[in-house]
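Chains as they are written, first to last, in the working numbering: chain A, 1 to 116; chain B, 1 to 113.
Hints may contain errors.
Said to hold, decoys possible - In silico lysine-lysine, BS3-like type, Cα no more than 30 Å apart, as pairs: (1) K56/B / K77/B; (2) K68/B / K56/B; (3) K44/A / K78/A; (4) K15/A / K78/A; (5) K52/B / K62/A; (6) K44/A / K15/A; (7) K62/A / K44/A; (8) K11/A / K68/B; (9) K52/B / K77/B; (10) K11/A / K62/A; (11) K44/A / K56/B; (12) K15/A / K83/A; (13) K44/A / K11/A; (14) K44/A / K52/B; (15) K62/A / K56/B.
If you are wondering where the hints come from, they were derived from the structure by calculation, not from laboratory data. Predicted model only: the values in this text are computed from it and were never measured.
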Amino acid sequence: EAGVAQSPRYKIIEKRQSVAFWCNPISGHATLYWYQQILGQGPKLLIQFQNNGVVDDSQLPKDRFSAERLKGVDSTLKIQPAKLEDSAVYLCASSSHPSGRLETQYFGPGTRLLVL
Amino acid sequence: GDSVTQMEGPVTLSEEAFLTINCTYTATGYPSLFWYVQYPGEGLQLLLKATKADDKGSNKGFEATYRKETTSFHLEKGSVQVSDSAVYFCALREGNQGGKLIFGQGTELSVKP
């Protein structure tokens with residue numbers, strides 16, 4: 001079974017530029033998550049999708065971050081304009097069932113973003 | 001709100017030493033508890049989990065027991081190997097909060113030969 005795929009793996013941009021990250025979850029997984037992991041910290045949820053609907057985006061900075069999951073499969077996370085504090089690893093995860101305490105989330109390798 | 005606190009790293013051990021990484025949590029309900037591991041250059045991998053009080057999760061020689069009375073989920077391994085060098089994250093998940101994981105800050109483990 002193929003894992004969660006993410007691209008690009010690394011990205012360097014200047015502040016105020018825009019950037020987009022792509023995630024392809026495990027086939028058949030209905031739930032998709034985007035997490036932000038700042039250096040030295042644990043991952044923090046940005047947004048959760050159930051199929052193509054948003055379940056939780058309470059910690060997404062909506063003035064600059066946006067995400068979509070067209071057709072309930074792939075997802076794109078965008079930052080526009082980027083700030084220095086957005087430098088982090090962006091992790092995508094997926095799980096097979098609707099959110100539940102027993103469900104395992106599978107993580108992709110992440111996209112490391114550096115904003116200069 | 002819910003939170004997870006881990007012991008600070010880095011932790012440096014010699015091969016075959018005993019490992020304990022402390023993890024305590026604060027939650028309003030009855031969360032599931034997880035340990036994830038992140039090897040250098042790789043993504044997060046689930047190491048083990050426990051879903052109710054007194055459950056013991058185990059995998060690859062690692063164990064952790066869900067202690068509701070002390071709100072803890074400490075990770076242990078009897079004899080570490082160089083290949084266990086990684087960052088370990090404790091996390092909880094409340095079923096009534098959309099299923100998101102709440103992570104601790106991570107503990108870096110370095111095992112020397």
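Against the structure, the hints:
1. K56/B / K77/B: Answer holds: K56/B to K77/B is near 13 Å, not above 30 Å.
2. K68/B / K56/B: It holds: about 12 Å lies between the C-alpha atoms, which stays within 30 Å.
3. K44/A / K78/A: It holds: about 16 Å lies between the C-alpha atoms, which stays within 30 Å.
4. K15/A / K78/A: holds, 14 Å
5. K52/B / K62/A: violated, 36 Å
6. K44/A / K15/A: With Cα atoms ~22 Å apart, K44/A and K15/A stay inside 30 Å; holds.
7. K62/A / K44/A: Roughly 15 Å separates the two Cα atoms, so the pair holds.
8. K11/A / K68/B: violated, 42 Å
9. K52/B / K77/B: holds, 21 Å
10. K11/A / K62/A: holds, 21 Å
11. K44/A / K56/B: holds, 26 Å
12. K15/A / K83/A: holds, 5 Å
13. K44/A / K11/A: holds, 20 Å
14. K44/A / K52/B: Holds. K44/A to K52/B sits at ~24 Å (cutoff 30 Å).
15. K62/A / K56/B: violated, 40 Å
Consistency with the previously given hints fails for numbers 5, 8, 15, ordered from lowest to highest.
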